[in-house]
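*Asks:* What follows is each chain in one-letter form.
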Amino acid sequence: MPEITRDEVAHLANLARIDLDDAELDHLAPQLSVILESVASINGVAGDDVPPTSHALPLTNVFRDDVVTPGLTVEQALSGAPEVDQQRFSVPRILGDEQ
Amino acid sequence: MTTTVRNTAAEMAQALADGTVTSVQLTELHLERIAAVDGAVHAFLHVDHEGALAQAAASDARRAAGETLSPLDGVPIAVKDVLTTEGLPTTCGSKILEGWVPPYDATVVARLRAAGLPILGKTNMDEFAMGSSTEHSAYGPTHNPWDLDRIPGGSGGGSAAAVAAFEAPLAIGTDTGGSIRQPGAVTGTVGVKPTYGGVSRYGLVALANSLDQAGPVTRTVLDSALLHDIIGGHDPRDSTSIDQPWPSFTDAARAGATGDMTGVKIGVITELTGEGWQDGVMARFQESIDLLVKAGAEVVEVSCPSFVHALAAYYLILPAEASSNLAKFDAMRYGLRVVPEGDPSAEDVMRATRDAGFGDEVKRRIILGTYALSSGYYDAYYGQAQKVRTLISRDFEAAFEQVDVLVSPTAPTTAFKLGEKLDDPIAMYLNDLATIPANLAGVPGISVPSGLADEDGLPAGFQILAPALADERLYRVGAALESLLTQEWGAPLLDKAPALALRDGSSLASTGTESETR
Chain V
1 MPEITRDEVA HLANLARIDL DDAELDHLAP QLSVILESVA SINGVAGDDV PPTSHALPLT
61 NVFRDDVVTP GLTVEQALSG APEVDQQRFS VPRILGDEQ
Chain E
1 MTTTVRNTAA EMAQALADGT VTSVQLTELH LERIAAVDGA VHAFLHVDHE GALAQAAASD
61 ARRAAGETLS PLDGVPIAVK DVLTTEGLPT TCGSKILEGW VPPYDATVVA RLRAAGLPIL
121 GKTNMDEFAM GSSTEHSAYG PTHNPWDLDR IPGGSGGGSA AAVAAFEAPL AIGTDTGGSI
181 RQPGAVTGTV GVKPTYGGVS RYGLVALANS LDQAGPVTRT VLDSALLHDI IGGHDPRDST
241 SIDQPWPSFT DAARAGATGD MTGVKIGVIT ELTGEGWQDG VMARFQESID LLVKAGAEVV
301 EVSCPSFVHA LAAYYLILPA EASSNLAKFD AMRYGLRVVP EGDPSAEDVM RATRDAGFGD
361 EVKRRIILGT YALSSGYYDA YYGQAQKVRT LISRDFEAAF EQVDVLVSPT APTTAFKLGE
421 KLDDPIAMYL NDLATIPANL AGVPGISVPS GLADEDGLPA GFQILAPALA DERLYRVGAA
481 LESLLTQEWG APLLDKAPAL ALRDGSSLAS TGTESETR
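As given, the protein sequences belong to chains V and E, one line each in that order.
Numbering-wise, the first sequence is residues 1 to 99 according to the working numbering.
Numbering-wise, the second sequence is residues 1 to 518 according to the working numbering.
In case anyone wonders, no lab produced these hints; they're calculated from the structure.
Where is the CB? At the ideal position from N, CA and C, for every residue including glycine.
Be a bit skeptical, because a hint or two may be false.
As the list claims (entries may be wrong) - If the Cβ cut is set under 8 Å, some of the chain V residues that face chain E in the computed set are:
no.	residue
1	P70
2	L72
3	R88
To be verified - Here chain V is said to cover these stretches of chain E; the calculated rule only asks that three of the stretch's residues, wherever they fall, bring their Cβ under 8 Å from a Cβ of chain V:
no.	stretch
4	288-295
5	359-367
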């Protein structure tokens, strides 16, 4: 039976860029194990001959004509930004201490 | 005849056309109703008094000049808070988007505006549409108008409750695994999930792109059809939008309302009935089947053996897509930004923001999705789920070779108590057992009220599913069942809902809507 350990949850949370504190890890890890156990029933249901479906309707390569259409103004695009500097999104430093 | 909030949208549209009511009056009636009952129901996250009244006044001016934009011009509507609305807050029920005002309209919203429907406000939902009870909203749960201690369904509990509590005649919902149909079932209202690609997803904040679909939430099948005709159709801004003409769903609903089911072949899905389903839900389902047979339908049982794996496939595919989609909430371009002490890097800010901004269920699903997509697990989980999706589509194809529509109860139980399943994800997920297969295969579905369960007096729903692109069958059969049941009941089901206490100071008393129907 698949089980997801507290350490694995901490690792996944790290990959997903979510700070989880100890209490959250204690709470979530057992719940995720239960969910995983119940979805694990899917293993072996479909054989190798069954193709995967990523999309319900068979659509491929939807193109539009290459014409200019109006987009957002700079002010509109920046209107929800937490911080703006010289008509740009202002973000914290992107390099960590170790880089 | 005086128009009240209890009229159907079609009746309101007729009254507007007859000149017996104005859009401003209609909109005011609903704003008063919201003021009177929404303290208890909490269907709305944001009410736009000024905007709605301005749009209503514009509608009245148009009509006075002899012009209307659509059959529903002037009839107010509520919109689920997962669709972007220019100038109106859009939170998706999440703290991470608190206070965000989008700079653009979703295509569905743009079409509502272009059709002249005043937008009353934005309705409550489970955070990013993850849930079946609306309890996962960061802004507090919505209460079921039938019993305020119970859930209104989810994720679109706000839209369904708004319509059931007569706070809006129409609403927009979105359905990823049943979020339109299941709330419809537990609130005694109608909800439609169109064919995937039938209604544009542009401006719909994605939960799971390959499953999400916006649709109508109303009190009658005809009202859903009128609304579907307005919001549906090809949109070049959504590359998965179906580029083909659609028939009039309004015509289909009107044809169905005669109740004649001669020549219609209906399949009862074996796997979606029987053990584990509440007795009262099954009793109402069987009565509905009997009525359809009496009206001329041929009913057979159809097996869809892969449906038993639908829930597992869904809870792998959905978290996988959701974990990718929600990566955009990174505290950089919009939404919440939490800056930890010291000299934090962008990554530190992301981690802190996503911890503070996302609720438990969202974190659960992001982590589950991250796991399912990890190398080493991908083939065993996500890959398998995608194959099961193929098997489910094949089950539908085989079934629709035998019958015109498939049916089942919409949800296994009536509305449960708030808090009852909040910390038991698996119990919560089981609510969507019957609705999920349609999303995985992209086929359309409707939930129509089937009556009240004997054991608790709460509404149950009857689900109808049709082949992809054959949405008009939902309206034909749905309207027939609705008309047959309403004849049996002698009045719409919602007339049996208990009267909600009105908040003091509301001027609603002048409309007399609470007392005149009972």
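*Asks:* Hint compliance check: list the failing hint numbers for this structure, sorted ascending.
*Replies:* 1, 3 and 4
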